[in-house]
Amino acid sequence: MDMYERKIGDVILALDNISLSFGAMKVLDDVSFDVRQGEIRSIIGPNGAGKSSMLNVINGFYHPQQGSITFRGEKRKEMDVHKAAASGIARTFQNIALFKGMSTLDNIMTGRNLKMKCNIFQQAWYWGKAQKEEIEHRQKVEEIIDFLEIQNIRKTPVGRLPYGFQKRVELGRALAAEPEILLLDEPMAGMNVEEKEDMSRFILDINDEFGTTIILIEHDMGVVMDLSDRVVVLDYGRQLADGSPDEVRSNQTVIDAYLGVSH
Amino acid sequence: MIYREAGVYKSTYRADHAIFTIPQDRWSMIGIFAIAFLLIPAVGSEYWLGAIMLPFLILALAALGLNILTGYCGQLSLGTGGFMATGAFSAYKLATAFPDVHILFVILGAGLIAAAVGILFGIPSLRIKGFYLAVATLASQFFLIWMFITFGWFTNYSASGVISAPPMTIIGDIFVTGPQATLVAKYLFTLSIVVVMALVAKNLVRSNIGREWMAVRDMDIAAEIIGIPMLSTKLKAFAVSSFFCGVAGALWAFLYTGSVSPLAFGVDRSFQVLFMIIIGGLGSVMGAFLGAAFIVLLPILLNNLPTMLGLNIKTDMISHMEYMIFGALIVFFLIVEPHGLARLWSLLKEKLRLWPFPH
Chain A
1 MDMYERKIGD VILALDNISL SFGAMKVLDD VSFDVRQGEI RSIIGPNGAG KSSMLNVING
61 FYHPQQGSIT FRGEKRKEMD VHKAAASGIA RTFQNIALFK GMSTLDNIMT GRNLKMKCNI
121 FQQAWYWGKA QKEEIEHRQK VEEIIDFLEI QNIRKTPVGR LPYGFQKRVE LGRALAAEPE
181 ILLLDEPMAG MNVEEKEDMS RFILDINDEF GTTIILIEHD MGVVMDLSDR VVVLDYGRQL
241 ADGSPDEVRS NQTVIDAYLG VSH
Chain D
1 MIYREAGVYK STYRADHAIF TIPQDRWSMI GIFAIAFLLI PAVGSEYWLG AIMLPFLILA
61 LAALGLNILT GYCGQLSLGT GGFMATGAFS AYKLATAFPD VHILFVILGA GLIAAAVGIL
121 FGIPSLRIKG FYLAVATLAS QFFLIWMFIT FGWFTNYSAS GVISAPPMTI IGDIFVTGPQ
181 ATLVAKYLFT LSIVVVMALV AKNLVRSNIG REWMAVRDMD IAAEIIGIPM LSTKLKAFAV
241 SSFFCGVAGA LWAFLYTGSV SPLAFGVDRS FQVLFMIIIG GLGSVMGAFL GAAFIVLLPI
301 LLNNLPTMLG LNIKTDMISH MEYMIFGALI VFFLIVEPHG LARLWSLLKE KLRLWPFPH
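Quick note, the sequences are listed as chains A and D, same order. First residue of the first sequence: 1, per our numbering; consecutive thereafter. First residue of the second sequence: 1, per our numbering; consecutive thereafter.
Read the hints as simulated data drawn from the structure, not as lab findings. Where hints are given, some of them may not hold.
[Claimed, not checked] Sample of chain A residues facing chain D (criterion: CB under 10 Å; computed from the structure): (1) 59; (2) 137; (3) 170.
[What the hints assert, rightly or not] 35 Å max Cα-Cα, derived DSBU-like pairs, lysine-lysine: (4) D:202 <-> A:115; (5) A:115 <-> D:10; (6) A:83 <-> D:129; (7) A:129 <-> D:10.
C-beta: ideal position from N, C-alpha, C; glycine also.
The shape of chain A in the complex, shown without the other chains (with noise of 0.2 Å):
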């Protein structure tokens, strides 16, 4: 990390006093934490702590009873999902939701989907307007298949795809959209260790070279702790700590909620 100077910036992106509840069931509770430009922002916390629906409620697919959302310097209440993914909010998810019949190239294109601005009539010509504006976006699409080392697959429906390839274009199919937010939930669950490292270079080589913030969530903490600039500790939907991984490790009552304590 101390390789090279890394840009960090403003906030851009302040969650206040967020609540969500489904019924009596409470899933975040005043939670409140920032991100700002260009940095790596761990959410870490047991299972059912309400990470996922942090996220969630971060790319506006929940909307919060209580809190406010500010992104870049916007304050709303809630987020709502196409202005999300319009204003440069992208994400991967913790159970695979690719578009299965499609091929891997098929599947990052869509993720151009918003850029694309030809009518259904130019589309239904093709020739001309839209021909070339599906090449300018294959050539963006080309360059993500290079990042991420798929080019083999390119033309693969991605049902046939092993796990950790499928993972990938789905990486792939965020990128695609040339996010300002990345938010990554397990990006690395289920894989090996070289898996991981892969996955963990990606997320280096995004951040670093496009200059993405990533939001991101994982259990192995190893993973978390190398890869962060600050971590927010959720537990039971209770925020618990917040800070750089070396004050979150430490932390009392964070080392209580994952070993367990006797009372």
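Since chain A is already given, all that's left is putting chain D on it; use the hints.
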């Protein structure tokens, strides 16, 4: 070894985005066009052109329309017959209200009206999916047919409730509808429209809109999160699909049968077209053609096979057998190969790449 993409080098993305990237495919397509446009009109008998090729082409067009909605966008519809009827009756109203308008514009207008009706009946698709949507589209099927039967305005108050196509020309005095029209003219006119529309369908499904449809089909939540608007994407599928079905309906009424009652577009027609895409291949342009060929040709084959084999089977038995074989084949395809004949075709191509070597 026979069919291979080895040695086909594409150095531009333009070449890689072509419809047929392999020379064999391009040549066989040119061959098919030559047969369809030159050989069949030259040697085809009245029976072949009028009773086989015309219904095959028109039903393939309807199947293409349904395949866009169901195969690509994943919205199950049983309203195909209703949308075809909308096209047929719109064409009739347009042709009788504006007798000087060219038949191409009549057909285009009929398609656009069907598209508008499709959008209207597609609105519930935002809230309901799968079987529930199928039932909603079934309701639209019954409603539309009831409407065309009940209100005399649609048939210009004809006593029998049947509409007859007025004689119309494509150019000069070449009639494509009415008693003066020759079957060759009708066939070539229908074929040209079907070829153009198949190309449009292929262009749509290989462009952004096609990927958006497939994304909605495969994983709607993920599609929404990457920014695909649910309602407008689904409604576009309904509009395009109904446009295709509407044009098919107009061609059916004007060119194939010449006169038609709403009952020709009953729920049986909807199921017939649905079976075509199930057997032909969901989510495949070629599948629509293979399925239509299969469903149009199989009854003819079944009718003639016993006599060819010298077996003495009663005609009513043959028509019962037709239903049984259809039913069995649909169950077979749903279980064994949900992607239908089009998938079998691509499997065959994969095998031919290696043949005669095992691997």
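**Message:** Given residue 59 of chain A as an interface hint, is its Cβ closer than 10 Å to any Cβ of chain D?
**Reply:** For residue 59 of chain A, the interface hint holds, since the closest Cβ of chain D sits about 6 Å away, which is under 10 Å.
**Request:** Mind checking the alpha carbons of residue 115 of chain A and residue 10 of chain D for me, to see if they're no more than 35 Å apart?
**Result:** holds, 26 Å
**Request:** Given the hint that residue 129 of chain A pairs with residue 10 of chain D, test it: the Cα-Cα distance must not exceed 35 Å.
**Result:** holds, 21 Å
**Request:** Against chain D, run the beta carbon of residue 170 of chain A and see if the smallest gap drops under 10 Å.
**Result:** Given a least distance of 9 Å, the restraint on residue 170 of chain A holds.
**Message:** Against the 35 Å threshold, does the CA-CA distance of residue 202 of chain D and residue 115 of chain A hold or violate the hint?
**Reply:** Roughly 22 Å between the alpha carbons, so the hint for residue 202 of chain D and residue 115 of chain A holds.
**Request:** Would you mind confirming whether the straight-line C-alpha gap from residue 83 of chain A to residue 129 of chain D stays at or under 35 Å?
**Result:** holds, 24 Å
**Message:** Checking hints one by one. Is residue 137 of chain A an interface residue toward chain D, by the C-beta closer than 10 Å rule?
**Reply:** holds, 8 Å
Hint compliance for this structure: every hint is met.
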